[in-house]
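Peer 1: Here is how the chains run, residue by residue.
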Amino acid sequence: MDSAEKNLIELSAKGNVEAFETLIKTHQKKVYNIALRMTKDPEDAQELAQDALVRAFTAIKKFRGESSFSTWLYRITINVCTDFLRKRNKAVVVSLEQGAAGNENGSPVQIPEKNPGPDELAEKNQLKEMVKQAMDMLSAEHRQVLILRDLMDLTYKDIARTLNVNEGTIKSRINRARDALKHIIVEREELFKDYVVKLNRKGGNS
Amino acid sequence: MTRCDKYLENLSAYLDGEMPDDSVKDIEEHLRECEKCSEELIILKTIISAMNELEEELPDGFEASLHKRLEEAAAKPDVKSKPGRVRLIAQIAAGFVVVVCLGFAIRAGFVGKGGNTAAPADDMYMSATQSIAEVKGFGAAGGASSAKRAVPEASGSADGAAYSDKPETEYFALTDSAVSDEKPFDSTMEIQKAQADKDVMITFSEDALSSKKEGQDTLVIITADDAESALEKIIEIETGINRNEQFSNVADLNKTLSAVNTGIVSGNRVEVKLLYSDNETWQQFLTEVQANFSEVQIESVPKSEDVEYIRVEIIEQ
Numbered sequence: 001m002d003s004a005e006k007n008l009i010e011l012s013a014k015g016n017v018e019a020f021e022t023l024i025k026t027h028q029k030k031v032y033n034i035a036l037r038m039t040k041d042p043e044d045a046q047e048l049a050q051d052a053l054v055r056a057f058t059a060i061k062k063f064r065g066e067s068s069f070s071t072w073l074y075r076i077t078i079n080v081c082t083d084f085l086r087k088r089n090k091a092v093v094v095s096l097e098q099g100a101a102g103n104e105n106g107s108p109v110q111i112p113e114k115n116p117g118p119d120e121l122a123e124k125n126q127l128k129e130m131v132k133q134a135m136d137m138l139s140a141e142h143r144q145v146l147i148l149r150d151l152m153d154l155t156y157k158d159i160a161r162t163l164n165v166n167e168g169t170i171k172s173r174i175n176r177a178r179d180a181l182k183h184i185i186v187e188r189e190e191l192f193k194d195y196v197v198k199l200n201r202k203g204g205n206s
Numbered sequence: 001m002t003r004c005d006k007y008l009e010n011l012s013a014y015l016d017g018e019m020p021d022d023s024v025k026d027i028e029e030h031l032r033e034c035e036k037c038s039e040e041l042i043i044l045k046t047i048i049s050a051m052n053e054l055e056e057e058l059p060d061g062f063e064a065s066l067h068k069r070l071e072e073a074a075a076k077p078d079v080k081s082k083p084g085r086v087r088l089i090a091q092i093a094a095g096f097v098v099v100v101c102l103g104f105a106i107r108a109g110f111v112g113k114g115g116n117t118a119a120p121a122d123d124m125y126m127s128a129t130q131s132i133a134e135v136k137g138f139g140a141a142g143g144a145s146s147a148k149r150a151v152p153e154a155s156g157s158a159d160g161a162a163y164s165d166k167p168e169t170e171y172f173a174l175t176d177s178a179v180s181d182e183k184p185f186d187s188t189m190e191i192q193k194a195q196a197d198k199d200v201m202i203t204f205s206e207d208a209l210s211s212k213k214e215g216q217d218t219l220v221i222i223t224a225d226d227a228e229s230a231l232e233k234i235i236e237i238e239t240g241i242n243r244n245e246q247f248s249n250v251a252d253l254n255k256t257l258s259a260v261n262t263g264i265v266s267g268n269r270v271e272v273k274l275l276y277s278d279n280e281t282w283q284q285f286l287t288e289v290q291a292n293f294s295e296v297q298i299e300s301v302p303k304s305e306d307v308e309y310i311r312v313e314i315i316e317q
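As given, the protein sequences belong to chains R and S, one line each in that order.
If you count by our numbering, then the first sequence holds residues 1 to 206, one letter each, in order.
If you count by our numbering, then the second sequence holds residues 1 to 317, one letter each, in order.
Extracted from the complex, chain R is given alone in its bound form (with noise of 0.2 Å):
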């Protein structure tokens, strides 16, 4: 932790609303992008990381540099989205588990079509957007840690302490997690497979 932050971590927990608007300029997106990609709307997104920030902002006297404030900061979204979607409508919760189940016993994913883009940049925007798709369909353990990992950019070691799960089960899960994505897209993602292609030729693969 530099001084700066350690500075405006203080400030915070003296209750400077400025100082922790500074703290929280580079993690907030990221806090809005954890909550969206683990409730899927906008709208309940907003919500949470607000809720999410606002909770750190009341419990920072608590934070006790054990593991870096966007860590902490990771952990209280996760919770708190967790919350969420564990008194959401369970209903909503069980068809994507199946979802997502469905697909590893090979059951058709119901993908929408993209008119394919003449260019890289369409096709590129076009697989973000399956990808997307693919992830909501996915496990909420699952879309939790790839959220961690591809988003986030959390190492293993952090991951683990975010879960507050061993290092070992998030080395598993993250393989089942990107497996099963890659399920959902390539089986049924003839775009997919010719974004590889293209990829191989031009020596993506070095």
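Watch out, some of these pointers could steer you wrong.
As the list claims (entries may be wrong) - Here chain S is said to cover these stretches of chain R; the calculated rule only asks that three of the stretch's residues, wherever they fall, bring their Cβ under 8 Å from a Cβ of chain S: (1) 17-23; (2) 26-39; (3) 42-55; (4) 125-138; (5) 142-153.
Derived from the structure by calculation, the hints contain no laboratory data.
Here a beta-carbon is modelled for each residue, glycine too, at the ideal position from N, C-alpha and C.
With the hints as your guide, set chain S onto chain R.
Peer 2: Coordinates of chain S only, in the frame set by chain R:
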């Protein structure tokens, strides 16, 4: 399990840079030879790079509405604007509520006016709850002097019957919300404020001080910079003076100490209530406290309820 399965299992961790160096060499060697695995690697890489770009911008107005909520959260404790002493009292009230919620080390003893009969357990408990309401009301009234004017109807009577019309419901309402409400509880905020000050406050309530003035309470607050050592010192003092097992506070103090040690109480703010069977032991205790902490204040404060208060402030610097 084929030879490839072993590598496929580790591809994710390899891409994340989470494999030990010797395994990395092994994987890379295999990837050079195995088309299936290197194709798998490309697919994974592609997905991951797309995932990396999934981040979306904050919605319009996010920061503005967050700012509003943060300001509200900062304003909630409502202790900042009050002068120091009153603020301290507000914190005590809040702290005590939480201590009660956690359910440890609560012990309230109130001896009748003559100092010879201990009240029955129920009454003792009730008087404890009233004291909380009292302190709370006191803090909210805006200070020691105004509190007196704010509650002129408070009588000096310490008899059991007078307890029944006291606002114990207010206390229970506070407790309930502290336990069940998932939103940050106002009092928690106040405690956090106190924690920021890195102070320890220990309050004692005692009804048997015959030397105190009529219509006045004495409230004891110990402020120190380390809860643990302050508590240890108090246990030491307590062990030295109170030989009457029935009224020994050591067990409760130890419970509080272990709660502090195990982090059940985070921060450095602790409150306990101590019972003394007679004025003599109480005075002894007070003398020892004054001798062992660097700064002690003992004040008479206006009586606002029928439970009498002793207030002491001790600050270690």
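Peer 1: If a hint holds in the structure, say so; if it does not, say that too.
Peer 2: Status of each hint after checking the structure:
| no. | hint | result |
| --- | --- | --- |
| 1 | 17-23 | holds (count 3) |
| 2 | 26-39 | holds (count 7) |
| 3 | 42-55 | holds (count 7) |
| 4 | 125-138 | holds (count 6) |
| 5 | 142-153 | holds (count 5) |
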